[in-house]
Amino acid sequence: MLTLRIYPPAFGEITGSPFSTKALCLLNRSGLKFRTEVTPDPRKQPKQKFPVLVDDGKIVPDSDQIRDHIEEKYAFDFDEGLSAEQRAVSRAVIRMTEENIYFAIVSNRWQQDENWPLTRQEFFGGMPGILRNFISGKIRKNVVAALFGQGMGRHSLAEQVERVRHDIDAIEALLGDKPFLFGENPTAGDASVVPMLRAMAFYPQKSALSDLVLGRPKLMAYLERGKQEMYPV
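Residue numbers for the sequence shown follow my numbering, beginning at 6 and rising by one.
To be clear, the hints were calculated from the coordinates, so they are not data collected in a lab.
C-beta atoms are modelled at their ideal positions from N, C-alpha and C, and glycine is treated no differently.
Take these hints with a grain of salt, some might be off.
To be verified - Below, in silico cross-link-like pairs of lysine to aspartate or glutamate (EDC-like), each with a Cα-Cα straight-line distance of 16 Å or less:
(1) Lys223 to Glu177
(2) Lys223 to Glu167
(3) Lys54 to Glu42
(4) Lys78 to Glu103
To be verified - Computed beta-carbon distance windows for the label pairs:
(5) Gly62 to Ala226: 41 to 51 Å
(6) Ala163 to Glu42: 35 to 45 Å
(7) Pro51 to Asp182: 34 to 44 Å
(8) Gln91 to Ile135: 45 to 55 Å
(9) Ser161 to Ala97: 22 to 32 Å
(10) Leu123 to Ser161: 17 to 27 Å
(11) Ala163 to Gly62: 31 to 41 Å
Work out the full structure, taking the sequences as your base and the hints as a guide.
Shown next, in the form of structure tokens:
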């Protein structure tokens, strides 16, 4: 049986990582039997992050590589029925979501001082106080440095929100009145977008970033449909 290694639940979601949730959605949609292995420590994984899929001894790190592996080995098409143009749009939306929106979410959790105590408690609350403060502070410093290197961390919160606003506008326009991004059924694009927007909307500390989704009833209904259709029971 396939084994998917993921981070523990956090902030009301099945796992604290939108990419781990994405991998769960993909596996659930594929119909393949799998089990989950939940752990907070990815240091021994090939890319030192989750998700990681183990398939008959083969280690597949990264959610995109997991998708490719399932499609190639098991001949499952997550974008079945989509035209070449729709597949191209889907790929662009996935990149926009995972390479821009994601880093605003990370900044909101780790970089914004008003949110840091909540993030620290969620991820490190089980540690003894002195150890928790030392380890969480060190990891936070590394995350903020990575955000600065990536670019999102160089912007103010207002600037980040404005950058993401255009992405959310684009997703809402693409969704239109359809149940999912490209029609009646979820595709790979939905498996990326739904977990990411849920992570942004349902962070317990409300902000201008979360309001970009919470203030749009059509998107909120989409996120609930996505959870019902793609998340494992």
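Outcome of the hint check:
1. Distance hint between lysine 223 and glutamate 177 is fulfilled; the C-alpha atoms sit about 8 Å from each other, no more than 16 Å.
2. At roughly 20 Å between alpha-carbon atoms, lysine 223 and glutamate 167 are farther apart than 16 Å, so this suggested pair is violated.
3. At roughly 13 Å between alpha-carbon atoms, lysine 54 and glutamate 42 fall within 16 Å of each other, so this suggested pair holds.
4. For the hint linking lysine 78 to glutamate 103, the alpha-carbon distance of about 24 Å lies beyond 16 Å, and the restraint is violated.
5. Between glycine 62 and alanine 226 the C-beta distance comes to about 42 Å, which sits within the given range of 41 to 51 Å.
6. Take alanine 163 and glutamate 42: their Cβ atoms lie about 40 Å apart, and the range 35 to 45 Å holds.
7. About 42 Å separates the C-beta atoms of proline 51 and aspartate 182, a value consistent with the hinted range of 34 to 44 Å.
8. Taking 45 to 55 Å as the suggested C-beta distance range, the pair glutamine 91 and isoleucine 135 conforms, at roughly 53 Å.
9. Checked against the hint of 22 to 32 Å, the C-beta distance between serine 161 and alanine 97 comes to roughly 27 Å, which is consistent with it.
10. For the pair leucine 123 and serine 161, the supplied restraint of 17 to 27 Å holds, since their beta-carbon distance comes to about 20 Å.
11. Between alanine 163 and glycine 62, the C-beta spacing of about 49 Å breaks the proposed range 31 to 41 Å.
When the structure is compared with the earlier hints, violations turn up for hints 2, 4, 11 and for no others.
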